[in-house]
Structure formats: structure tokens, C-alpha cells
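Number of protein chains: 2
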Amino acid sequence: MFSCWLSRLCRGLSTPTGRVTHLIQGSLSRRLMLSSQRRIPELSSFVARTNTCGELRSSHLGQEVTLCGWIQYRRQNIFLVLRDFHGLVQVVIPQDESAASVKKILCEAPMESVVQVSGTVISRPPGQENPKMPTGEIEIKVKSAQLLNTCKKLPFEIKDFVKKTEALRLQYRYLDLRSFQMQYNLRLRSRMVMKMREYLCNLHGFVDIETPTLFKRTPGGAKEFVIPSREPGKFYCLPQSPQQFKQLLMVGGLDRYFQVARCYRDEGSRPDRQPEFTQIDIEMSFVDQIGIRSLIEGLLQYSWPSDKDPVVVPFPSMTFAEALASYGTDKPDTRFGMKKYLKRKDIESLRKLAADHFNQEVLPVFPKANRNWNSPVAKSIMEEQRSELIRLMEIQEDGVVLLTAGEHRKACSVLGKLRLECADLLEARGLVLRDPALFSFLWVVDFPLFLPKEENPGELESAHHPFTAPHPSDIHLLHTEPKQVRSQHYDLVLNGNEIGGGSIRIHDAELQRYILATLLKEDVKLLSHLLQALDFGAPPHGGIALGLDRLICLVTGAPSIRDVIAFPKSFRGHDLMSNAPDSLPPEELKPYHIQVSWPADSEAEKSSLNQPYHPES
Amino acid sequence: MFSCWLSRLCRGLSTPTGRVTHLIQGSLSRRLMLSSQRRIPELSSFVARTNTCGELRSSHLGQEVTLCGWIQYRRQNIFLVLRDFHGLVQVVIPQDESAASVKKILCEAPMESVVQVSGTVISRPPGQENPKMPTGEIEIKVKSAQLLNTCKKLPFEIKDFVKKTEALRLQYRYLDLRSFQMQYNLRLRSRMVMKMREYLCNLHGFVDIETPTLFKRTPGGAKEFVIPSREPGKFYCLPQSPQQFKQLLMVGGLDRYFQVARCYRDEGSRPDRQPEFTQIDIEMSFVDQIGIRSLIEGLLQYSWPSDKDPVVVPFPSMTFAEALASYGTDKPDTRFGMKKYLKRKDIESLRKLAADHFNQEVLPVFPKANRNWNSPVAKSIMEEQRSELIRLMEIQEDGVVLLTAGEHRKACSVLGKLRLECADLLEARGLVLRDPALFSFLWVVDFPLFLPKEENPGELESAHHPFTAPHPSDIHLLHTEPKQVRSQHYDLVLNGNEIGGGSIRIHDAELQRYILATLLKEDVKLLSHLLQALDFGAPPHGGIALGLDRLICLVTGAPSIRDVIAFPKSFRGHDLMSNAPDSLPPEELKPYHIQVSWPADSEAEKSSLNQPYHPES
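Protein chains in written order, with our numbering: chain A, 1 to 617; chain B, 1 to 617.
Check the hints yourself; a few may be wrong.
Said to hold, decoys possible - Calculated lysine to aspartate or glutamate pairs in the DMTMM-like style (CA-CA distance at most 25 angstroms, straight line):
| id | chain 1 | residue 1 | chain 2 | residue 2 |
| --- | --- | --- | --- | --- |
| 1 | B | K143 | A | D356 |
| 2 | A | K331 | A | D356 |
| 3 | A | K153 | B | D508 |
| 4 | B | K104 | A | D356 |
FYI, nobody ran anything at the bench for these hints, they're computed from the structure.
Sequences and hints are given; from them, build the entire structure.
Next up, the structure:
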């Protein structure tokens with residue numbers, strides 16, 4: 001386990017073999033040139049060390065080195081294992097009288113103290129090599145040592161972090177970050193984002209533009225944090241995305257924009273969400289859906305980590321209607337088909353789940369041999385309907401069919417959830433349905449442009465956001481049957497998770513006004529600047545945003561997005577390390593012309609009742 | 001002017017000559033390899049156009065092209081100039097009957113409408129070439145055209161933006177962004193940041209790590225915006241820098257960190273400040289001051305735009321004491337020495353300035369021939385003092401000396417300001433003292449660690465921040481004469497502007513506690529997480545932050561940082577385009593348990609009196 005992380009961590013960081021002769025021909029494509037170019041970052045420039053602990057190999061034998069690192073462990077006051085981000089190396093503690101002071105330092109420093117040692121790289125005695133350790137052929141014969149800092153008794157051991165509760169890990173995040181898994185996750189994230197930047201800036205001429213985060217409320221922006229200003233009653237808001245700004249950049253002629261954008265969403269307590277998150281935000285002028293899709297396929301292919309299987313493009317695509325009908329969700333996990341191996345008691349637990357959680361009756365059908373269906377529902381299905389169903393559903397004879405009835409979207413959705421439940425059941429029996437090494441991308445397209453409002457189904461709301469362009473084939477329906485209009489929105493799905501979404505935008509001011517004012521009944525005043533911008537020669541444009549935290553989480557196989565963020569909040573939005581958010585004395589609120597409205601006791605009780613109790617992770 | 005922007009804009013974007021054969025030898029250094037590698041971004045991948053308007057040259061003759069752009073102007077319904085971010089190109093409007101529909105589109109579309117045209121690149125007729133235009137040898141013979149969007153009457157013409165008020169430019173920022181100057185500034189910014197990333201990540205193994213912006217109040221953080229949370233009375237704060245997080249990353253073993261970090265500072269109305277700004281934030285373990293300085297010198301050298309003179313390293317350095325004594329400031333403009341050419345009436349205006357603005361008497365001395373000083377002060381200076389002064393100040397015989405008396409820091413500061421005033425006076429006469437093409441970097445070091453508190457000079461406050469390490473030679477003074485202790489802080493100055501600052505930090509928990517609690521009398525509880533982290537094996541570390549907006553402003557020669565930010569706030573903190581900050585209905589504040597405290601009329605009046613009136617830019 002340990003050496004596995006090590007070798008994954010080291011790959012792509014440096015090679016111990018020194019410099020390689022490059023002969024790059026002009027006939028190679030630009031892309032090849034960039035990716036074939038060796039990256040050997042100098043990991044020890046500008047600092048006290050000559051080498052990292054993890055990079056030393058037999059090729060360094062005889063070299064005088066200076067290393068800095070943490071004491072990982074010590075054996076019988078003879079050996080000491082020193083750790084830095086790059087790996088581990090064995091240090092031989094000198095035993096002769098003349099080196100008594102060095103021995104004292106190295107033997108007395110508590111575990112996790114920081115030391116600097118200088119010495120010679122030597123071979124381990126024959127038979128003492130450790131093939132599980134990348135540096136296992138060598139050790140360091142120390143000449144001098146310096147204690148850079150001591151370490152008090154730790155709340156947990158660094159190497160054992162996985163067994164600690166997440167709350168403890170978050171409280172001592174700076175210790176948790178020393179784990180190889182966190183080092184691997186954060187370094188992979190940095191490298192992957194850097195490759196994305198190379199692809200966008202250097203290969204395709206995109207411009208990295210920073211947009212403001214002190215903005216104003218957007219229509220319907222109920223999940224936006226508010227920031228009081230020094231003007232009484234005036235507030236900034238933290239935007240959920242740079243949507244308006246990126247469209248305004250297109251109007252401004254900056255026609256290939258991207259940003260690794262910090263976004264904010266106040267959703268209260270929801271597991272695996274963060275109040276601040278990061279998206280790869282992209283917008284282009286003069287582009288269509290196919291253009292954006294090709295760009296993103298190329299982006300992921302180019303930036304994909306070299307220790308994973310390469311990404312195959314183009315990604316398959318599926319309409320929203322198809323995804324709902326076949327998978328019961330708009331984000332199908334297409335790694336598996338899965339309609340087998342269920343046991344009778346599984347079926348019962350699935351029926352119970354559907355009834356308890358979704359208030360939906362589900363009936364199993366076993367279309368066994370002789371078409372003598374073994375199901376409570378069998379008697380109400382005619383013989384010829386049976387064969388038709390079998391044909392339509394492409395059922396195998398020993399399969400199981402789960403039937404349900406009801407409103408299309410709801411019925412499909414329940415069956416989609418049961419499909420994932422079945423996968424859980426089968427994987428609990430050791431069947432690998434969802435191979436973690438498999439990355440199954442899928443475009444979902446042709447979403448509806450509008451949905452009925454949940455609280456008032458007679459009115460419409462945008463399925464995504466009000467700037468989404470209608471599907472060109474459905475524009476004629478806008479004035480007659482707006483509910484039937486499909487949009488030019490597209491989602492990117494990876495292994496059953498939505499990792500991105502975007503659309504071709506409306507660039508016609510009249511159409512945008514009609515949709516906002518007449519169909520959505522929004523207050524157009526809040527968006528007057530955007531509508532005006534569309535009047536002044538706005539080019540056709542479209543874009544996309546990829547959820548970076550979720551993407552890196554899937555790539556690294558981390559159990560939670562908190563494992564790919566250096567300092568995440570708990571799912572109640574707390575920083576358990578620094579104790580944010582925190583109380584402020586009233587005088588610090590005065591310049592902002594606000595005061596706290598303390599809830600009355602009864603109200604506080606009510607609000608705590610409304611909010612389901614979530615213990616901190 | 002116009003073609004000058006154009007050619008600066010195009011340089012570094014693409015070369016029209018196609019691909020060049022590269023032969024890169026392994027014997028070349030890594031740095032050379034990376035910078036010699038040609039970047040020819042594909043500016044027309046994934047989109048409707050085949051080429052940009054600005055890239056077409058004689059080498060494209062005969063090619064069928066599709067272009068998308070804005071109509072810049074039209075001449076006699078025969079020619080039309082099409083513009084995109086890359087430049088201008090002349091389009092010939094077809095005059096024959098068969099192309100009547102194309103002619104109609106191109107002749108009737110208002111200026112700044114967006115069109116797509118397809119046609120052939122042809123030579124301009126002999127004598128009609130325009131050598132001032134990069135595309136001046138060719139024009140486009142159009143076959144088809146499409147009106148992508150029309151443009152209503154503009155509030156100002158795009159090409160004339162400089163003459164408009166800044167308020168108008170900010171209100172219609174999306175139009176202002178179409179100007180060549182804004183395109184140049186934002187694209188240069190993007191390229192320069194990308195090169196910095198290459199240097200840090202690809203050459204030196206730095207890890208790009210995002211730190212939270214929803215944090216808690218830091219001690220003394222009076223300029224931090226507050227964000228109410230859904231817990232009554234609990235607030236997040238937007239940090240002024242990732243200072244605590246980057247130090248915690250060092251404790252976490254992520255030993256080479258950087259981030260292009262969004263930072264926040266609520267300073268009310270101050271010219272040329274922004275409530276949100278960006279810094280290149282860097283931290284390293286096991287490093288000393290010289291290491292950080294070399295890193296930054298290499299960073300600026302590597303990322304410096306190719307159309308400027310190369311940066312020469314190492315940068316000179318000067319102690320704070322020296323800078324104050326010689327230049328009267330901690331950020332000297334070292335482009336000029338300057339002690340000449342002043343006229344009698346200039347001296348009078350300088351004396352008046354010092355008396356009116358700084359309440360400080362200044363006396364001129366003219367050490368002319370014969371040492372017969374022409375000055376009111378001459379008679380009180382002895383003959384031998386005169387020669388000593390002339391020797392010490394290295395005065396030329398025809399120079400002018402301005403003398404003043406008083407507290408050292410204040411007296412120096414006045415003289416420093418008069419020095420800049422002299423430069424203004426002399427430049428108004430046509431003397432070039434501060435060459436805008438000259439970039440004069442300077443390190444200022446050995447700052448004091450503490451300053452007396454302004455409101456209570458008996459107490460100390462940090463000259464920079466409380467995590468700055470004391471100078472190793474002065475540690476013994478910490479307990480006896482803390483005011484005499486110099487720090488390991490360093491500032492980077494460019495042409496008289498502070499563009500960066502940093503320090504070696506305290507990594508010893510006891511020392512940090514002593515400074516915070518005993519010397520600064522801060523509430524240590526607010527920083528308990530950081531103090532605890534130092535206890536658990538914190539490595540020695542240090543770092544720096546460069547102010548990106550200011551740096552890009554100086555590099556581009558822009559008059560204000562607002563010209564290098566896509567959507568800046570006015571200096572009262574307003575977004576004049578979207579009208580942020582804005583009012584919110586009370587029900588939107590309810591989830592955050594706050595209400596507005598409307599100031600009483602008298603109070604409002606008082607506060608408006610305290611705040612000097614600033615018309616919006």
C-alpha cells in the first residue's frame with residue numbers, strides 16, 4: 001500500500017536518469033511536441049537540500065547530499081527513515097565517538113521532528129535491500145545533522161490517518177496533508193489543471209481572465225452568500241458562477257475565455273457539497289455544440305494523468321429523453337448494463353426501498369423459460385404483450401424485469417435508483433460492475449428548456465439557466481408550447497456523475513427579453529446590463545463549466561471531494577481547524593450597518609427541528 | 001497608434017510563416033528548451049471561422065477563408081473593414097447583380113454588427129496596399145455573408161474609447177473591452193501568468209493549491225469583509241491573503257506552494273485600490289531570503305513579455321535604513337538620481353509644498369563655485385562643515401541641496417516626496433527622467449520588525465505581519481530592545497512601486513507565542529490552530545506575494561490598475577455596469593439572521609462629512 005502510493009506519487013515528478021537528448025522534428029504535430037517534451041522539474045532549486053528523500057537511487061551512489069525531512073521512524077538507534085513529500089529514505093546513524101553530537105540529535109528527536117542531514121549515498125549491504133521501497137537499494141551515511149524543529153506528541157500517527165475519524169483529520173488538517181494519499185491527490189490536481197491550462201492557452205489561444213466575485217444578486221439567486229458593504233442597506237453577493245461575466249466577455253470580443261473559477265453556493269448542510277468550489281469555466285464565440293464538445297474531449301484527453309488508461313474520444317452521446325427512459329436518470333453510469341444475478345430476497349428489499357423511500361409500487365417479473373412469467377403482475381399481461389415486451393426490452397431469458405407504473409419521470413427515476421441499488425447489492429457479493437479503473441464519459445443532450453415550477457406547476461422555470469438557447473428545431477414552439485421546447489444545453493457525465501454542463505447561449509436581445517419577461521416572469525431590471533449588451537453586437541456564443549473538485553475526486557478514486565481539497569469545510573460548512581464561521585463583536589458589524597437578529601427561543605427550536613441533525617462528518 | 005497596438009497584440013500570438021523545424025539538443029538547458037519551444041496556438045479550432053481577421057498575409061493568397069467579426073467601418077458601400085481581437089482586414093463588397101443579397105447584408109448592417117463572411121484572399125490592386133496595416137497587402141473577395149447580430153446605436157465609438165470618461169467606459173465595460181488597448185492588456189496578463197505557472201510548476205516543481213476564501217477574522221483584520229452564515233451571529237470573513245493557509249501547507253509537507261490567489265480588502269474609497277485583487281502567492285520550506293529572491297528574479301525573467309527589454313538579474317538590494325536616508329521612502333524609484341535643472345521658482349514651489357502639505361520647513365542650498373553658499377541657511381553652517389557636507393553628499397558644484405530638520409523618518413519622507421515632485425517638474429519641461437521603457441527592480445531588506453502603534457506609541461505593532469521572523473543577528477534584542485529588532489521581511493520595488501513583499505516566517509512555536517502574546521498583546525486564541533501547527537514539526541519556511549494587478553499595470557504602462565482588470569470596481573467600490581452593491585429585500589437577509597441598522601439622519605450626515613467626496617472616477 002505504502003510503496004504503491006510512493007511510486008504513483010513519484011511518477012511524473014522526476015526521473016533519476018538525468019537529461020535525455022531530444023530530437024524534435026518540425027514534422028511532428030504541435031500537440032505531440034508539447035506532450036513529448038520532458039518535464040523534469042528541479043525539486044531542490046533555491047533551498048537547503050540538494051535532493052529530495054524520494055529521488056535517490058543507485059545512480060546517486062557516492063554523491064554527497066543534503067536532505068531535509070521528517071523523522072518517520074527509527075530502529076534501535078541505528079537506522080532512521082526520513083520522509084519528504086517525494087518519499088522515504090533510510091539514514092544510517094553514525095555510531096563512532098567522533099560523531100556523538102550527530103547521534104544525539106538523530107536519536108533524541110521525537111518522531112515527526114524536522115531534521116537536515118548531510119552525508120554520502122551508499123549501497124545497502126548485500127541482502128538488506130528493500131525492493132518494496134523505491135530508494136531501497138541505497139542508504140545515507142550521515143556526516144552532519146541539524147534539528148530544524150521538534151514535534152510534540154501528535155493527536156494521531158501520520159501513517160495511520162485512514163483509521164481516524166474525518167472530524168479529527170479536518171481539525172488537524174496540516175497533519176493529514178502529510179499523508180501520501182493527500183499529497184498524491186493535491187499534486188495530481190495541480191498537474192492536471194496545469195495540463196488543462198497548456199491545452200487551452202498554449203494550444204488553442206484561450207485567454208485566462210479573472211472575473212469579480214463581489215457581484216450583485218442574480219434573479220433567483222437564493223443560494224448566494226451576501227456581503228454587506230459600507231453603504232447602509234447595500235449588499236454584494238458571491239456569484240454561483242461567472243455566467244454573466246463570461247457572456248459579457250464574448251460581447252467584449254475576448255472570444256476564447258477560460259478561468260479556473262472560484263464559485264460559491266450556500267446550500268446549508270448537504271453531504272459532499274462545499275460552500276466554495278472550483279470550476280473550469282469556458283466560453284467561446286462563433287461556436288456550436290459540436291465545437292464545445294470536441295474542445296472538452298480534447299481537453300480531458302490532453303490533461304488525463306499518465307498513470308490512468310488514456311481517454312478515448314469522441315464520447316458517446318444520448319438525449320435526455322433516452323437517458324431517462326433507459327437509465328431513469330440524466331446522469332447514467334454507463335460502465336454497466338446489469339440485469340442479472342439478483343436473489344429473491346434482493347427483489348423484496350428493492351420493492352421495500354421503492355415503497356418506503358419513493359412511495360412507488362414496483363413489481364418484479366421473471367421472464368423465465370416457456371414465457372410462463374413468474375410474477376404477481378403476470379396474469380394481467382396478455383401473451384402477445386409479453387413477447388412484445390421481451391422483444392422491446394431485449395431481455396435475456398434468465399433476466400429479471402422490474403415493472404412500475406406512474407408519471408413517466410417519477411417512474412423512470414425510481415427504476416434508475418433501483419438499478420444503482422442492484423449494483424450495490426451485486427458488488428456486495430463480489431461482482432465488479434463498476435470498475436474503478438474504467439472512466440465512462442457520456443454527453444447528455446436535448447434537455448427540456450423549461451420545467452414546471454415545483455411550487456406552482458402552472459408557471460415555468462428554466463431547466464438550467466435563463467440564458468440557455470432553445471434548440472433550433474423547436475424555436476417555433478416557444479410562443480405556442482414552451483414546455484415542449486428542447487434546449488441547447490449539454491451535460492458531461494462520468495461514471496454516473498455530472499462533471500460538467502453548458503449550453504449555446506441566447507445572443508438575440510429580443511429572444512432573451514421574451515424568455516425572461518414573458519415566459520419566466522423575472523424582474524428584467526436586475527439583468528438590464530446583460531440585455532443591453534446583447535443589443536450592441538453580441539456574437540453567437542456558448543460555453544461549459546467542468547466541476548473540478550468532482551472530476552479530480554473521480555480521477556483519484558477519493559471517497560469524497562473533501563479529499564481533493566486542501567482545506568475543505570465540513571458538511572455543515574464549518575472549518576474544523578480554525579473554527580470558522582465565528583462570532584464577531586457588534587462594533588465590527590457597525591461599519592456595515594447590520595446587526596444580528598437573534599432568533600427567539602421558539603424560533604431557534606423550530607429551525608433546528610426543520611434542519612435534520614447531521615453530526616459533523 | 002492604431003497599427004502600433006495591432007502589431008504589439010499580434011506578436012507572440014501567432015506567426016504567419018507556418019511551422020519551423022526544431023532541433024533541440026539535450027545539451028541545452030531545460031530553461032532554454034522550454035522558452036525556445038514555439039507556441040503557435042490554433043486560434044480558429046472548434047469554431048465557424050477558418051482564420052482570424054488579423055492573421056491574413058500575402059502567404060494566404062488564393063485561400064478560401066471564413067471570417068467572423070465586427071464591422072469597424074465601411075467606405076462608399078465598396079469596402080468594409082472587419083475586426084476581431086486579432087486585427088483588421090479589408091473586405092470587398094461584391095457589386096454584381098448575382099450577389100445582391102450579400103451586398104445588401106454588408107451595406108445595411110450598422111457599424112459594430114457581427115457578420116460572418118466567406119471568400120478568397122486576394123492581393124490589393126497595385127498602389128492600394130496599406131503598409132500601416134499588418135493585413136494591408138491583401139483583401140477578401142466575398143462570396144457569401146451572414147448577419148450574425150445587429151448593433152443598436154452605441155453610447156460611444158469603439159475606436160475613440162480613450163476620450164470617454166472612465167465612468168462611461170466602466171458602465172459599458174463590454175464595449176470598452178473591444179478596444180485594442182484592453183485586448184492587449186488582458187491578453188498580455190493571461191500570457192504572463194501562464195509563463196509564471198510554467199516556471200513554477202513545470203521548471204521548479206511547485207504545486208498549485210487553492211485555499212479557502214470563506215475564513216474567519218484574523219487578529220487586527222479590520223479591513224476584512226464579513227459574510228453572515230446561516231448560524232445566528234456567526235460570520236465568515238474574506239481573507240486579505242492566504243497567509244495562514246500557506247504556512248499550514250508548509251507544516252503539511254507541501255513544500256513548494258503557489259497560487260494565483262484572489263484576495264479581499266475593504267478599504268472604503270481609495271484611488272487605484274480594488275476591494276478584490278490578485279496576488280501571485282508563494283511559499284517554500286527549507287529556504288532562506290536569498291533563495292526566495294533568486295526564485296522571484298528567475299520568475300520575472302522567465303515570464304517577462306518578449307516585446308520588452310529583458311530583465312537583468314540579480315536585482316540590486318538596499319536596506320530599509322539606506323532607502324529612507326537616500327530616497328526618503330521604502331520604495332525608491334531608482335530609474336533616476338536627479339539633483340539638477342531646477343529653477344529659482346521651482347525651489348519656491350517645493351518649499352511651499354513642504355510647508356503646506358507636510359508642515360515641514362525646507363531650505364535650499366546652492367553650493368556654487370567658491371563655496372559661497374547661496375542660501376538663507378548658509379550663515380549658520382561653518383566653513384569646514386560645508387566641505388564635509390559637499391563630500392558626504394557627493395554634490396556637484398552646480399547642484400541644489402534641499403535641507404530640512406526634524407524627526408528622521410518624517411524629514412526623510414518629505415525630502416523623498418520633494419524628489420518625486422522635482423521629477424514631475426523636470427519632466428513637465430521635457431526632460432525624460434523616468435523612462436517608461438525602463439524597468440528598475442530593487443529589493444528593500446532589513447525592515448524593522450515592529451513599529452510603535454500610531455494611536456499609542458508606547459505599544460508595538462508588527463511592521464508587516466506577526467508571522468515575520470526576526471533578523472538572526474537581532475534575536476538577542478527581542479527581550480530587551482524589541483524596537484531595535486530588524487526583520488527578515490523583504491519588499492520588491494519596481495520603478496518606485498512596491499510590487500511584492502514577503503519574509504522568512506517564524507517556525508518556532510515558543511517564539512511565535514512570545515511575539516503574539518507578550519510583545520503584540522494579541523488574543524492568541526484566534527490563532528490557536530496556527531500555534532498548535534508550529535508545535536507539530538513545522539519546517540523552516542518563507543515566502544512572498546507579488547501584486548499581480550500592479551505588476552501588469554506597470555508592464556503595460558496602463559494609467560490605472562482598472563485598465564488591466566476585466567471588470568474593475570470604481571474607486572468607491574461600485575460595479576458601474578451591473579450596479580453592485582445593491583439593495584436586498586429584508587426577507588433575503590432573514591436566513592442569515594441579520595437586519596440593516598439604518599443610520600439616523602444626523603449620523604448619516606456625519607458619516608458623509610467624514611468621507612471626502614469622490615465623484616465616481
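Taking the hints in turn, this is what the structure says about them:
At most 25 angstroms may separate the alpha-carbon atoms for a hinted pair to count; K143 (chain B) and D356 (chain A) exceed this at roughly 66 angstroms. Among the hinted pairs, K331 (chain A) with D356 (chain A) is consistent with the structure: their alpha-carbon atoms are about 23 angstroms apart, no more than 25 angstroms. Proposed proximity of K153 (chain A) and D508 (chain B) is supported: the alpha carbons are some 16 angstroms apart, at most 25 angstroms. Our distance criterion of 25 angstroms between C-alpha atoms is broken by K104 (chain B) and D356 (chain A), whose separation comes to about 66 angstroms.
When the structure is compared with the earlier hints, violations turn up for hints 1, 4 and for no others.
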